Structure formats: C-alpha cells, structure tokens
Amino acid sequence: MQKMVSEGLSKAASDIGARLGLPRKLQCPSYLLYTRCGRIPYLTDDIVEKHLSHLAKARLLCLPSVMSCLPQIKCCPGGVRKYLRIPEDEFLVLLQHDPTEERLFGVDTNSACCVQMRGGRKMLDVVEYMDTVEAIQPKMSHFMYATPNSPSSQSALRKAARRTATHHMQGFLLKGQESLELSGQNGDKRTKGSIDSGGDCVMADVGGGCIGRGTGSIEGETKEANHKTAPDGPNKTVVKQQTNPLVPSIYPPHNNSAAAVMGIHVDCSLSLQYALTHMLELDSQFVSSSSDILAAAIVLSNPSQLPISQLKPVVLQLPHTCVSLITGASRPDHVVDAVALGFQLFDAGYPFLLTEKRLVLNFDFSFGDDFEFEPSSPVEQTVLDIGSSLYKDCFEPLTQFCGCYVCENYSRAYVNHLVVTKELLGPMLLMIHNLFCYDKFFKTLASLLQRDTKDHFESFSCRIKQCNFAI
Amino acid sequence: MFSDELLMRGMFKANVEGLPKFFGEALSFQVEAQCSVTKARVSRLTLPHSVVETPVFMPVGTCATLKGVLPEQLKCLGCEIMLSNTYHLGIRPGADLVQSAGGLHKFMNWDRSVLTDSGGFQMVSLCKLSSVDENGVTFQSPYSANSDAEFCSESKEESLESESGSGKDTMLMTPEKSIEIQTKLGADSYYATRRRPRVEEAMWRSIRWLDRCISAHVNTSNQNLFAIIQGGLDSTLRVKCCSEMVKRDLPGYAIGGLSGGEEKSDFWKVVSLCTGNLPRNKPRYCMGVGYAVDLVVCSALGVDMYDCVFPTRTARFGTALVKNGGSLKLTQEVYKWDFSPIEDDCDCFTCKNYTRSYLNEICCHEPVASSLISIHNIAYQLNLMKSVRESIRKDEFPCFVKTFMKMQFPEGMYPNWAVEALSSVGIDLSRDT
Chain A
0 MQKMVSEGLS KAASDIGARL GLPRKLQCPS YLLYTRCGRI PYLTDDIVEK HLSHLAKARL
60 LCLPSVMSCL PQIKCCPGGV RKYLRIPEDE FLVLLQHDPT EERLFGVDTN SACCVQMRGG
120 RKMLDVVEYM DTVEAIQPKM SHFMYATPNS PSSQSALRKA ARRTATHHMQ GFLLKGQESL
180 ELSGQNGDKR TKGSIDSGGD CVMADVGGGC IGRGTGSIEG ETKEANHKTA PDGPNKTVVK
240 QQTNPLVPSI YPPHNNSAAA VMGIHVDCSL SLQYALTHML ELDSQFVSSS SDILAAAIVL
300 SNPSQLPISQ LKPVVLQLPH TCVSLITGAS RPDHVVDAVA LGFQLFDAGY PFLLTEKRLV
360 LNFDFSFGDD FEFEPSSPVE QTVLDIGSSL YKDCFEPLTQ FCGCYVCENY SRAYVNHLVV
420 TKELLGPMLL MIHNLFCYDK FFKTLASLLQ RDTKDHFESF SCRIKQCNFA I
Chain E
0 MFSDELLMRG MFKANVEGLP KFFGEALSFQ VEAQCSVTKA RVSRLTLPHS VVETPVFMPV
60 GTCATLKGVL PEQLKCLGCE IMLSNTYHLG IRPGADLVQS AGGLHKFMNW DRSVLTDSGG
120 FQMVSLCKLS SVDENGVTFQ SPYSANSDAE FCSESKEESL ESESGSGKDT MLMTPEKSIE
180 IQTKLGADSY YATRRRPRVE EAMWRSIRWL DRCISAHVNT SNQNLFAIIQ GGLDSTLRVK
240 CCSEMVKRDL PGYAIGGLSG GEEKSDFWKV VSLCTGNLPR NKPRYCMGVG YAVDLVVCSA
300 LGVDMYDCVF PTRTARFGTA LVKNGGSLKL TQEVYKWDFS PIEDDCDCFT CKNYTRSYLN
360 EICCHEPVAS SLISIHNIAY QLNLMKSVRE SIRKDEFPCF VKTFMKMQFP EGMYPNWAVE
420 ALSSVGIDLS RDT
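Residue numbers (numbering that gives the first Met the number 0), protein chains in the order written: chain A, 0 to 470; chain E, 0 to 432.
Please keep in mind that the hints were generated in silico from the structure rather than gathered at the bench.
Predicted model only: the values in this text are computed from it and were never measured.
Backbone N, C-alpha and C define an ideal beta-carbon position, used for all residues, glycine too.
A couple of the hints might just be wrong.
[Said to hold, decoys possible] Pair by pair, the computed Cβ-Cβ distance ranges are: (1) E:S130 with A:R117: 56 to 62 Å; (2) E:D95 with A:A469: 28 to 34 Å; (3) A:Q399 with E:R392: 48 to 54 Å; (4) A:E395 with E:S242: 50 to 56 Å; (5) E:D346 with A:K121: 34 to 40 Å; (6) E:C398 with A:R84: 37 to 43 Å; (7) A:R84 with E:P409: 30 to 36 Å.
[To be verified] Here are some chain A residues the structure puts well away from chain E; computed CB gaps all over 12 Å: (8) S67; (9) S303; (10) N408; (11) K464; (12) C466.
Using the sequences and the hints given, assemble the complete structure.
Here it is, written out as structure tokens:
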C-alpha cells in the first residue's frame with residue numbers, strides 16, 4: 000500500500016502536457032473547468048480573465064450542454080473554439096454525461112443513447128455521436144456507451160454491454176479503416192474513415208469489448224448493428240453476435256497507424272463489479288505495454304457510496320504511463336484519496352455544486368514553511384450556508400484568508416442579502432469565490448507533491464478528511 | 000480642476016459665460032452647452048461621489064445590485080450614477096443594516112453616485128398591497144406569506160423565515176420614514192415621497208409631504224433632496240405643482256406620475272410643460288423613462304436625467320437594444336445562424352466576444368446570458384446618451400435626432416407623439432436637413 004501510494008503520488012504529480020501533445024504544460028494534479036455550453040456557469044469571460052486568470056487551462060464539455068448547438072458549431076467560421084470562445088491552447092475534454100447530473104436509467108435503446116438536454120431528451124445514435132466528436136475536436140473523448148436499464152440487474156448490465164459493444168464497433172469503424180456504410184436514425188450516411196478527430200485521444204469503454212486480444216481480422220455477423228455489409232473483399236467487415244459480453248471481440252489492427260482506441264473508459268458509477276469484471280477480462284499484457292493507451296477515465300457518480308479506495312483493483316489494471324482522469328469525485332476529500340491512487344485529472348464540478356446550493360467554501364488550503372496545517376476554522380464550518388440569518392449582519396469578508404475578489408470587496412452581509420433576495424449577483428460572487436478556493440486547493444496539492452513530501456501530503460490529506468464538505 | 004469639497008461649498012467659478020448654473024451644499028449643476036433649436040442641453044452635475052454629464056441614463060439596481068452585472072463592469076461601461084430603491088431596501092436588508100455597513104456605497108461596493116427613489120412608485124406597483132392617508136402609505140410586504148402580490152417570488156416558508164421576529168409584514172412609509180431610510184442608505188440624491196391617484200388631492204398632499212421631507216432632511220452637506228412634480232395629466236395642476244415646489248428651492252426636480260401607462264401623446268406634453276416651468280439652472284429628472292425614442296425626445300424637451308428597468312429587464316428575456324430597428328429578440332430562430340455580434344460598431348464586451356448565434360443558444364437558459372445581454376443593453380443606453388451630448392455640444396442635435404429616428408424606424412413610420420413632440424421644439428421629421 001505504501002509503495003502504491005508513493006507510486007501513485009509520483010504519478011499524480013506529473014506534467015501531462017507533453018504526454019497528451021498539449022501546447023503547454025499541465026501540471027497535475029489538476030482539474031477540468033466545469034462548463035455549460037462552454038462557459039463557467041454564472042461568469043462572463045471578462046470576470047474570469049480579470050479575477051480568475053490563474054485557473055487551470057483545461058475545460059470539460061459535456062454532451063448535454065453542447066448537443067443543441069452542434070449544427071451552429073459546424074457552420075460557424077472558426078469552428079467550435081470560436082463559437083464557444085475557448086482559447087486555442089486550452090485542453091478540451093468531451094464527455095457523454097454530465098458529472099454533476101443524475102444519470103437516467105431505462106432510456107437507452109439498442110441503437111441510440113439518451114442525452115438529457117435542457118429542452119428535453121434527445122436520442123443519439125453513433126453517427127450523430129461521432130459527428131459531435133468530430134465537430135467539437137476535443138483532445139480527449141470516448142466512444143458512445145450505453146447506460147443499463149437498471150444499475151443492479153445483471154441481465155440489464157449484460158444488455159448494456161452488448162449495446163456498448165455495438166456502439167463502439169460502429170464508432171470505431173467510422174473512425175477507422177474498414178469499408179462500411181452506416182445509416183443514422185435521421186437518414187445521415189457516413190462511411191468508413193469519415194470521422195476525423197485529428198488523432199486526438201478517443202477512449203473506449205471497457206464494457207464495449209473493444210480492448211483485448213485479437214488477430215487483426217474481424218469476422219462474424221450481427222443481428223443488432225444497423226449497417227449493411229460492404230461487398231466481398233479483403234476488408235469485409237461484419238461483427239460477431241455478442242452472446243457473452245465479457246468476451247472481447249475487437250482489437251485495434253496492428254497496422255493501424257492511427258489507432259482508433261487510445262484510451263480506456265471505465266464507468267464505475269453503476270456497478271463497480273460490472274466495471275471490474277470487464278477490466279479483468281482485458282489483455283493485461285496488451286494494456287500494460289501498449290504505448291497507444293494514452294489515457295484512462297474513471298466515471299463515478301456517488302463516491303460516498305463507492306469509496307475511492309475500492310477503485311484500487313481497477314487502477315491496478317491501467318497502464319502505468321497513461322493519463323488518468325476521474326469524474327464525479329470532485330469533492331476535496333475524494334480528490335486526495337484519488338490522488339493517492341495516482342489520478343491526475345478531475346472535474347471541477349464541486350465549486351459549481353456548492354454555488355447551486357448557495358454555499359461558501361470556507362477552508363484555508365495554504366500552508367506555511369513548516370507545512371503545518373493549523374485549523375483555520377472549525378471543521379463544521381468548512382462550508383457556510385451564506386443565506387442563513389446568522390450572516391445577515393456580519394460585515395466580515397466571506398472568509399478571512401481567501402484573498403479572492405469577493406473576499407476583498409464584499410461582506411457576508413451583502414452576499415447574504417443577495418442570496419435571500421435571489422439576486423443573480425449572488426451566485427456570480429459565490430462562483431468566483433468557490434472556484435478561487437478550489438484552485439488554491441489544487442495548487443496546494445501540486446505543490447506538496449512536487450516537493451516529494453509524502454508525509455506532508457498525508458498530513459494535509461488527514462486534515463482534509465476531517466472536514467465536512469457538505470455535498 | 001476643483002475638488003469636490005470646493006464645489007460643494009459653492010466656490011466653483013463658472014467657466015461658461017451666460018449659461019445656467021447652480022451650486023448647492025452637496026450638488027453643483029452647470030449647463031455647458033445649449034441646443035440652438037430645441038430645449039436640449041448638456042450639463043455637468045457634480046455630486047459627492049462623482050461627476051455626471053447630462054443628459055444621463057441611470058441603470059436601476061433596485062436591491063443594491065444591478066441584476067447580473069458587477070459594479071466594476073458598470074464602471075467599465077462608463078456609468079457614473081445608478082439607482083436603488085428605498086422601499087425595497089427598507090424591507091430587505093433594512094436601512095439600519097445598510098447604515099451599519101457604512102452606507103449603500105460600501106455595502107454594494109459602488110463608489111460612484113447613487114440615487115434612491117422614495118418608494119412612491121411602489122404605491123402604483125404595489126397598489127393592491129397599500130393604503131394611503133395623510134400620515135403616509137401603509138404597505139403590506141410583498142415578501143410576506145399573506146401577500147397576494149404576483150411578484151411575491153419566495154415560498155411561504157421562506158417568507159415566514161425571513162420575516163419572523165422582525166414584525167415587518169407591514170411598513171408605514173411616511174415622508175419622515177422615507178427620508179430616514181434614504182439618509183441611512185446614504186445616496187447622493189434622493190426623492191420626496193409623493194401620492195398618485197385622485198390627482199388634485201394627491202398633488203397637494205405631495206406638496207405637504209415635501210415640506211415634511213424638507214424638515215426631516217438633515218444631511219444636507221452630503222445628500223440632495225429632490226422634489227417630484229405631480230399633477231397627473233392636468234396642465235393646471237402641473238403648473239401649480241411646479242410653482243409650489245420651485246418655491247422650496249431644492250437642488251433638483253423630478254417629473255413624476257408618468258410611469259402608469261399614460262398615452263404618449265399626453266406624456267410628452269406634460270414633460271414639456273414641466274421643463275418649461277422648472278428652473279433652467281437645476282437638473283430635471285424624468286422618472287421611469289428608458290425607451291430609446293423616449294430618451295431622445297425628452298432630451299429635446301429639456302430633460303437631464305432618466306432611469307428605467309427596461310434595458311436590464313428586457314435583457315433577461317433575450318432582447319438586445321440596437322440602433323437599427325430598435326431591438327433584436329435573440330430568442331428568434333433567425334439568429335441561430337447569425338454569427339455576427341449584436342452590433343458591429345458596439346464596443347461592449349459582449350459584442351466584442353460573442354455572436355448572436357451563441358446568445359440565441361444560451362439566452363433564457365444560462366444565467367450568464369442575462370449578464371451578457373444586460374452589459375450590451377446598458378452600453379447601448381449609455382452610448383446613446385453620450386451621442387446625444389456630443390451632438391448638443393456640436394450644435395448638431397436636430398440632425399442627430401433625425402438620423403436616430405430613421406435608424407429606429409427604417410420604414411419611416413414614426414410614432415405620432417414623437418413627431419408632435421419634436422415639432423414642438425423645432426425638429427421637423429418630415430424634412431431631411
């Protein structure tokens with residue numbers, strides 16, 4: 000455990016910019032800014048540029064918030080980054096699900112997955128999904144995967160795995176070299192190799208059976224894939240019926256110079272056992288030695304029910320050199336646990352969730368030369384309910400130690416007034432403060448790990464875990 | 000340059016010969032340019048916290064905040080003065096609390112000028128919750144559990160919690176109470192309470208209440224008390240009210256009682272009548288006016304100051320204000336594919352960085368859209384007033400008005416009331432000069 004923790008910390012503290020081919024360093028552990036339609040919620044970019052300029056240059060886009068503007072993105076001169084006003088040098092990750100939202104069960108079909116957008120639900124097939132990936136051009140994304148009808152039913156999990164396998168195969172083929180024509184549910188037709196995501200890292204879900212042992216050729220037939228086969232020839236492609244979803248069936252061809260699968264995606268939010276089963280079926284020799292596996296993403300939904308430490312068996316299966324991202328575990332106490340396992344990237348959903356509940360992060364993440372973490376506030380006041388009448392006539396700053404724009408210029412009484420009167424400025428100020436604190440937390444972590452002071456990290460970690468982070 | 004202290008002591012020497020000027024304890028007003036055709040003028044209004052050029056549009060931050068816009072964003076737009084509301088702040092968070100915070104400026108982190116309305120408009124907007132007698136106006140709180148007001152936005156549980164123990168379900172707003180609250184808030188200018196319906200009775204009561212406000216006004220060195228002219232649409236009453244209130248020799252005058260949905264054909268006549276009967280050397284403020292056409296026309300009629308929730312409120316519904324045609328409803332499908340900014344020649348942050356298409360996508364869905372469109376709309380209003388001032392200085396105001404009206408109404412269908420109003424001050428919209 001100690002060795003693993005040491006190795007984990009060492010990995011967690013690396014710069015992943017070079018590994019991912021980014022234009023700038025990305026010192027880890029770091030976070031992906033949580034956005035909606037490209038924007039940090041509540042904040043205009045001039046506020047971010049002026050008061051939060053030190054935030055990580057990495058952004059998370061979630062499918063539900065960008066799907067509706069996909070046609071516009073495709074038509075906009077300058078593409079997605081111009082349309083959504085995302086800097087060219089910013090690291091962009093696209094995920095199918097929003098880590099701050101509840102997952103929906105029982106809504107996917109054999110050929111489509113459900114995306115919960117603000118205007119309602121949209122059923123997305125693989126053609127549309129891959130279109131989205133192509134349009135957004137993220138540096139990291141994953142093939143479409145299915146959510147089971149029920150998270151606890153084994154038959155539902157197996158069915159979801161079969162669907163995922165089909166989606167992955169189709170997505171893989173759209174991105175790959177096989178001769179195939181696919182028809183989407185809207186009548187859109189795409190052919191093989193017609194998706195160009197520029198060599199960016201696309202991850203495959205372990206439930207999709209796309210990662211594992213193979214011979215370089217693919218044979219079989221399917222009843223579920225909604226495609227027609229190409230004429231007979233050396234590149235004839237069909238898919239074997241997945242009667243046992245735990246048997247991997249597709250392997251990236253050795254001669255595929257542009258590997259379609261460059262990462263592993265593991266959805267642990269539904270069932271750790273489900274994820275573990277698939278992980279253990281991987282060709283471990285392939286996985287651990289493959290330099291093509293750039294990244295791994297673990298998806299969680301409720302770390303309170305699934306402690307981070309239980310991910311250890313999953314983490315052990317991952318290649319040592321891959322960049323590891325975990326979503327749904329953005330609370331500081333979950334972050335320190337994940338960092339100990341070697342996770343490098345997190346989603347910054349926590350400051351947003353705090354702001355939505357009108358809560359204030361009230362914890363001093365800084366430390367002195369002696370690395371001692373003196374309690375700056377009682378643990379029960381780690382998070383403040385600023386709308387409480389307790390703060391109505393409190394003219395102190397939000398926190399005494401923060402130094403952010405809000406703490407320098409406004410009082411608790413004023414922010415309380417804004418929250419009580421439901422003024423829009425309230426969540427704006429809360430978002431600035433909470434993000435500022437969250438960034439400080441990550442900088443403290445990175446600094447501790449850079450100094451290679453494992454004991455101090457553990458001291459910091461213990462201090463964090465004593466706190467009550469509310470959400 | 001002269002310090003604020005010297006100005007407030009009336010030691011400023013006028014450098015514009017022959018033009019009206021006034022120097023009070025907490026305000027100085029200097030007319031710097033006069034249109035040679037209309038009654039429009041450019042003036043410099045010096046208040047304790049900032050110098051304001053008029054005609055000026057004042058954005059409204061009812062509850063000590065402009066919805067979705069930081070004070071520094073307002074400053075970047077060039078805003079020197081904004082409005083807050085006495086009644087609403089008196090309820091929440093309360094005048095005593097704001098006073099304890101060091102006043103409204105410190106409370107909301109705005110170091111430029113603030114103007115507070117007396118609460119008189121709430122006699123209209125909250126008329127179902129108010130009753131009036133000679134003593135004052137009794138309001139039932141719109142935030143209480145027993146309120147029937149449609150704008151009671153809080154749940155009953157929240158209302159009871161916020162009001163529990165405070166006994167603030169009702170508030171008696173007397174003239175003295177209004178002044179007391181406004182004194183505690185610490186605004187640069189504030190207003191006397193006034194009364195609306197049953198016009199003549201209301202007018203005389205407004206004058207009596209003004210006298211009570213004057214008696215209660217103690218902070219004369221740092222705050223200015225303006226009177227509000229009443230009289231409804233009756234010209235005789237309006238003239239009488241002007242005469243009486245001018246006798247009180249206050250530092251400024253507002254034209255009230257015109258935000259109740261009156262016909263525009265009556266509205267402009269009342270405005271013109273009032274400006275003709277108010278002192279030339281003091282600021283004239285037309286309350287609740289914010290549509291672009293109204294701002295330009297009333298400036299031609301001699302008004303100096305305006306306020307309205309319209310620009311920010313309409314922004315929250317996805318409508319942007321523009322020179323050509325007046326407004327864009329960004330929620331419309333047509334803007335989905337429009338990758339141009341709201342206005343090409345607008346310098347605001349929104350227009351420099353976001354397209355109509357993007358705003359169409361997020362407006363009415365993401366809170367940040369309200370902020371972005373509000374920033375543009377406030378920039379539009381402030382730039383409009385800046386253009387008005389520049390044209391007056393160059394003595395090109397009539398030409399500016401014609402160009403403005405052509406852009407607002409490209410098909411030439413000018414509102415009749417505007418045509419009449421402008422004609423009354425020498426601008427003939429039918430002639431191209």
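Hint check, failures only = 1, 8, 10
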